[in-house]
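*Asks:* Those protein sequence lines, which keep their order, are chains A and B.
Okay, so the first sequence: first residue is 1 according to this note's numbering, each after it adds one.
Okay, so the second sequence: first residue is 1 according to this note's numbering, each after it adds one.
Some hints here could point you the wrong way.
[What the hints assert, rightly or not] Pairwise CB distance ranges (calculated): (1) A:Ile113 / B:Lys9: 42 to 52 Å; (2) B:Ala162 / A:Thr105: 57 to 67 Å; (3) B:Gly235 / A:Thr152: 28 to 38 Å; (4) B:Glu234 / A:Ala143: 26 to 36 Å; (5) A:Thr152 / B:Glu12: 19 to 29 Å; (6) B:Asn428 / A:Thr101: 24 to 34 Å; (7) B:Ser273 / A:Arg123: 36 to 46 Å; (8) A:Arg206 / B:Pro153: 51 to 61 Å; (9) A:Arg123 / B:Gly235: 27 to 37 Å.
[Said to hold, decoys possible] To spell it out: a stretch of chain B is covered by chain A in this simulated footprint if at least three of its residues, at any positions, have a beta carbon under 8 Å from a beta carbon of chain A; those stretches are: (10) 121 to 133; (11) 210 to 218.
Read the hints as simulated data drawn from the structure, not as lab findings.
Cβ atoms here follow ideal geometry from the backbone N, Cα and C, with glycine treated the same way.
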Amino acid sequence: MLSRTAENLYWMARYIERAETNARLLEVGARNALIPNIGGGYRNEWESILHASGNANGFAEKYSDIVQRNIETFMFFDRDNANSVLSCIERARENGRIVRTALTTQVWDAINIAYQEVQEFGRQERSSLSLSDLTDWTLRTTALIRGAGLNTQMRNDGWDFTNIGFHLERADSTARMLDVKYFTLLPQISYVGSGLDNYQWRTLLRAMSSSRAFNWAYGGEISPAKIVDFLVLNRACPRSLISSVESANEHLDRLARAYGKSGPAQTRARALVGELHEMQVQDVFDEGLHEFLTRFMGQVMAVGGAAQTMYLSGDIR
Amino acid sequence: MPRELRSLKQNEAEALFRRIGITFAVYGEGGSPDRLIPFDMFPRVFQADEWARLERGIKQRARALNAFLVDVYGRGEIVKAGRIPGRLVYQNEAYETAVCGIVPPKGVYSHIVGIDLVRTGPDEFFVLEDNCRTPSGVSYMLENREIMMRMFPALFQENRIAPVENYPAMLRRTLASVAPHKCDSDPRVVILTPGHFNSAYYEHSFLADMMGVELVEGSDLFVEGDYCWMRTTEGPKRVDVIYRRIDDAFIDPLCFRPDSMLGVPGLMNVYRSGGVSICSAPGAGVADDKAIYTFVPEMIRFYLGEAPILNNVPTWQCAKPEDLKYVLEHLSELVVKEVHGSGGYGMLVGPKADKAMIALFDQKIREKPWNYIAQPTLALSTCPTFVDEGIAPRHVDLRPYCLVGEDINLVPGGLTRVALTEGSLVVNSSQGGGVKDTWVLAE
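Extracted from the complex, chain B is given alone in its bound form (with noise of 0.2 Å):
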C-alpha cells in the first residue's frame, strides 16, 4: 500500500472510531477519558486448522475452571486429594466464603472466560492468564472488524474470513441459558456497570446496545420479597440474569463492602435462594488468580481425565524458597508480576528494565514473596503492524472470548493487541498497546 493512501485510511480508520465513539479512558492520566486506542490496519490471520486446535484448547479450560469453582466452593475435592495446597485457594483473597455451598445455575461461576494467550511457535502456544471475572474489550473485537469491512470491503469479498457479528446474540442466549431456577417466563437480562465515569463505559453501553437489554447501575436495582426488580417508567420490572460489570467488593453492601455505592443491598440474598443470577458468579475471581494459574493443567488432568491442549508459561511462585532463589537470582531474565496485579502494572521486564528498576523489584519481592510470581521472557511471536517508517514486526497476543452457559461457544476471533514500541512486550491498552482485526480464515 503505497505510503499516502496508507495515511489516507488511517484517517479514516480514526475518523471511524471517534465518530462511533470508541475511546478508552486511561487510569492516571488525569481525567481524559476521550482518548482514542491506536487501531492498526494489519490483520493478524489464523488457518482453520490453527483455529481448531486453539478452540478445543479454549473451550476444555473453560470447563475445567468452572469445574474448579464449582469444586472450591462445595467439597473442594481437588484440595482433599493433594492436588493443589489448599491455603492457595482458601486463603486467597478472591476466595468469597460468602458463596460457598452455592451451585449456580447449570453448574457456571464464569460465564464469560478471557484468555490470554502468546504464540512461541508455529504450533506452540502458551496461555499468559485467564479472565474469569469480567473481561473486557470484545467491543474492540467487533468494531474493530466492523472498521475494517467498512475500509477493505474487497479484502472479505476474496477471503473466507469467518463472521465475528453474532457474538452479541450468542452472548444474550448463554446468560438466559443460566436464568434462576425460580425465573418462570423469558428471562430479563440485563448489564450492570458501575456508571458512565467508568473506563469501560463504552463497553458497558455498547453491548447493552447490541443485546438489547437495559443498561442499568446500581441505584436502577431494588430488592423486595426475595426477587431483584429495577425501576422503570412503567413500575417495577423483575431482573432476572444480571451481567455484572462491576467487581465482587461492590455487588451488595451487606455482603461485601459496606460503603459500596454501585451495589443492590441485599442482592446476595437474592442470588443465594435462586431469585437471579449474577454473571460472573461471585466468588469467581478465584480460579483467575494468578497463583492458581499453576495449577490449571493439573484441573484439566483432574476434572476432566484429560492432557491439556494449551501450554501454561512455566511459572515461579516466590512463596516456594527454591522459586524465590532462582527468581532473585535471574531477575534480569524473567517477568515478574504481582500476583493480583492486572493492566501491565507493577511488573518488571527483566530483559528491558535498568539496574536501579531491578534493585526496586530485588527488595519489594524479598519484602513481600508470596505476593509475585516470576516466568521466563518468552520468544513471542510478532506481527506485521504499520508503523512510522512502514510495516515491522510488532509483538502480539490474543484474548478470544468463550461463552459458558447450557453449552460453551466461541466465536472465530478475538482481541489481538499490539505492542507498538518496538521490541516492546507489553500489549496493554493501558500502557500505549493497540489493537488489531483478528482473521479466521475457514476451510
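For reference, chain A alone in the conformation it holds in the complex (with noise of 0.2 Å):
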C-alpha cells in the first residue's frame, strides 16, 4: 500500500488513542483533587496531569493558573495544544478522511460521528458539560471506533499500521500515567503506603478501568508493587506495558512476513518484548519508577520511529 495511506492510518490510531489517553488523565486529576493537599507531592495535582501529559511548557504559555477548569479547557477543548482531545478527535478525523477508501463505512461513521459531536460541546455552555460527562463521552467514543474497527476491517497490511498505531500509543500512554505517580508523590517517599498513597493509586486503576480487574488479579490490598507488576509486567491486563508492546511487536511481525523482510523496527520491538518478559518487579523499582518509564518510553518511541523509516517515509529502497 501506499506509504502515505499507511501513515495516515498510523496516526488517526494514535491520534484516537491519545484523546483516550487525555480523557484518562482528567479523569485521574479530577479524582486526585477532591483529597486534601496535605503538604506532600507535587505543588499540585494538577500540574502532575500537566507533566504526564508532557504539555507544562504549552500550558503555561496560555493560561495563568493552573486551576480545573484552566486544565480542562487546555486538555479537552484547546486547539493550540495539539493533544487536547478536541484536537485529536479532528486529526483522526482528518487522517481517516484522506484516506477513507481504506476506511470501512462503519469506522468512517464513528470517527465522523465523533466528529460531529466533539463540534457541538464546542458550542455548549461550558458549564452544561461535566468534566465526567466529558471524559465517559471520550472512551464511549473511541470504544466505537475501535471496536467498529474489529468487526469489519480487513486484516492486511492496513490494519497493521493502524494496530502498530494504537498499541505504541496506547505503551507511551500507560506509562505516562503511571509516571503521574512520580510527580504526585516526590520528594515526600514517606506518604508510600499511606492512606494518601493508595487512594491515588486506586484512582489511577480507576482511570485505566482496571480497579475491579485488578482485585480479581491481586486480592484488596493495593500495593505499589502489584500495581506496578499489574501495568507493568502482567500480560492478562490489556493496558499493562508488556500487552501493549507485544501486541505492536506481533503487527509488526504480520507485516514481516506478508512483505517477506524484517528490519530495524522488528528488532527493536522483539528485544523490548524480551526485556519485560525477564523482568521481575523488584527490578523497575531498583532503578526507580520513573527512570524506568522514562526509558522505556524512549524505547517505544525508538521502534516508532524504526516503523515510520521502514514503512511510513516511503523512503526505504
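Since each chain comes alone in its own frame, lean on the hints to assemble the complex.
*Replies:* Below is the structure:
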C-alpha cells in the first residue's frame, strides 16, 4: 500500500488513543483533586497531570492559573494544544478522511460522528458539561471506533499499521499515567503506603478501567509493587506495558511475514518484549520507577521511529 | 406520484447520497466542502436510435480532436492547409511548447473526452463545448444510477435500461491500453489528485476505489533512473500510467510552474522518454479551447474526410472585427463567454441580464475582445423535473464521457445536468444546478 496511506492509518489510530489518554488523565486529576493536599507531593495535583501529558510548557504559555477549569479547557477543548481531545479527534478524522477508501463505512461513520459531536460540545455552554460527561463520552467514542474496526476492517497490512499505531500510543500512554505517581509523590517518599498513597493508586486503576480487574488478579490490598506488576508486567492486563508492546510486536511480525522482510522496527520491538518478559517488579523499583518509565518511553519511541523509516516515509529502497 | 411519497423518496435519496458521502465543494462559498448536489428523481430518457446517432457523433468528434492534437504538436498540417489560423493554435495559452514533437502511445492525447451537448429539437443536438483535459462529474453518472436502482427497482425490471456500471472497468482498460512502450508487464495505473482539499476529491477517490488503483498525490511519486515510482510500504513500485486530475501547469515544477507543490519533479522527462504515460497528455487543453471549438467541424472534415454528425453552436469570435460589431449590437440576445472560462462563471446570458450587466460586458468585451466569444441563446430542450409546485419543465444538458485508448468506447449514458431555477439556462453545479439519471433504452 502507499506509504502515505499507511501513515494516515497509523496516525489516525494514535490520535484516537491519545484522545482517550487525555480523557483518562483528566479523570485521574479530577479524583486526585477531591482529597486535600496535605503538603506532600508535587505543588499541585493538576500540575502533575500536565507534566504527565507532556504539555506543561504549552499550558504555561497560555494560562496563568493551574485550576481545574483551565486544565479542562486546555486538555479537552483547546485547538492550540495539539494533544487536546478536540484536536486529537479532529486530526484522527482528517487522517481518516484522506484514506476514506481504506476504511469501512462503519469505522468512518464512528469517526465522523465523533467529530460532529465534539464540535457540538464546543458550541455548548461550558457549565452544562461536567468533566465526567466529557471523559465518559471520550471513552465511549474511542471504544466505538475501535470496535467498528475490529468487526469490519480487512486484516491486511492497513490493519497492521492501524494497530501498531494504537498499541505504541497505548504503551506510551500507560507509561505516562504511571509517571503521574512520580510527580505527585516526589519528594515525600514517606507517603508511600499511606492512606493518601493508596487512594491515588486506586484512582489510577480506575482511570485505566482496571480497578476491578486488579481486585480479581491480586486481591484487595493495594501495594505499589502489585500495581506496578499489574500495569507493567502483567500480560493479562490489556493496558499494561507488556501487553501493548506485545501487540505492536505481533503486528510488526505480521507485516514482516506479509512483505517477506524484517528490519530494525521488528528487532527493536522484539528486544523490548524480551526485556519485559525477563523483568521482575523489583527490577523496576531498583532502577527507579520514573527512570524506568522514561527509558521505556524512549524505547517505544525508537520502535515507532524505526517503523516510520521502514514503512511510512517511503524512502526505503 | 403522490406528494407525500415523493418527499419521502426525495429524503431517502438525500440520505443515500450523504451516507455514501457524495458531496461537491463549491468554490467561493467559504469552506463548506460537504454540500450536497441536488438530485432530481425524474430520469432523462433516450431512445436506442437517438443514442446510436449521438454515439457516432461523439466518437467522431473524439477521434478528430485527438488527430488535431497529434497534428498541432507535430507537422501542423491543418494550419499549413489554411484551415485553422496558426495564431489561434500556436499563440494559445493552452498550447504547450514543452510537448512539441511528442506522439503519445496510440496517438492519443485526450483519453477522456467529455462533450457537453444540448438538444434543441427531436433530432437536433448541438455541442456546447468539448472537455479534453480532465472532465469531471462521471462519479455522479454512476451514483445517480445506483440510487435510482435502489429506490425504484421496478422501473428497471419493466424497462430495458442500458447499464453504465462498467465505466470504471472500461476506464481502467483504456488507461492500461496506452501504457508507455518501456512498460514490459501488466501496467500499473494510478490516479494523481491534488489532494483532499480539492472540490472533486470525492470523485478521485471514488474512481480509484472502483478501478482498484492507488490514489496518489504528487509527494507519493518520485522520479529516478528514467522511471516514475511510487512510495509504498514495501518500497518503490514503478508507475506506468498516470490518470492525472491536476492541471498541466502543476504536473512538473521543473517543466511548468516552478512553485507547484502538487506535481512530480522530473516527470516530464520520464514522459518524453517513454517511461510513463500521462492521461490526458500535457497539452491536450489546446483542443478544447473555446476559440478552437469553432473549428472542430473543420477538423472532422480535414482529418476524417467525413461530414460532422453533431453540430456546433454558431459562434462569434469577438477577436474578428465584423463578429465583434455584431456581438456588441446584439448583446441582449446572446450568451457571451470567456474563452478560457469554465464552471459557468464570468458569462453573460443576454436575455436574462439587466442593463447594468450588459453595459459591464460591453465594456469588458471592448477592452479585451480576444477574450470573448458569443453564441445565440438556443431553444434548449427541457425535461420534466420535480420542483416545489410539482412537476415542471426545466432546461437540461448532457455530458457523455468518451474513452479513447486502443479503441474508442462510450457507456450508454452520461451526466444530465438540470437548471433547477425556472427559465434558467445555467446548469453548472457550482451555480445551483442539479443532476438527473440518464437512461438509454435498449432496443
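*Asks:* Please write out, lowest number first, the hints stated earlier that are contradicted by the structure.
*Replies:* Going through the list in order, the structure violates hints 1, 2, 7, 9 and 10 and respects the others.
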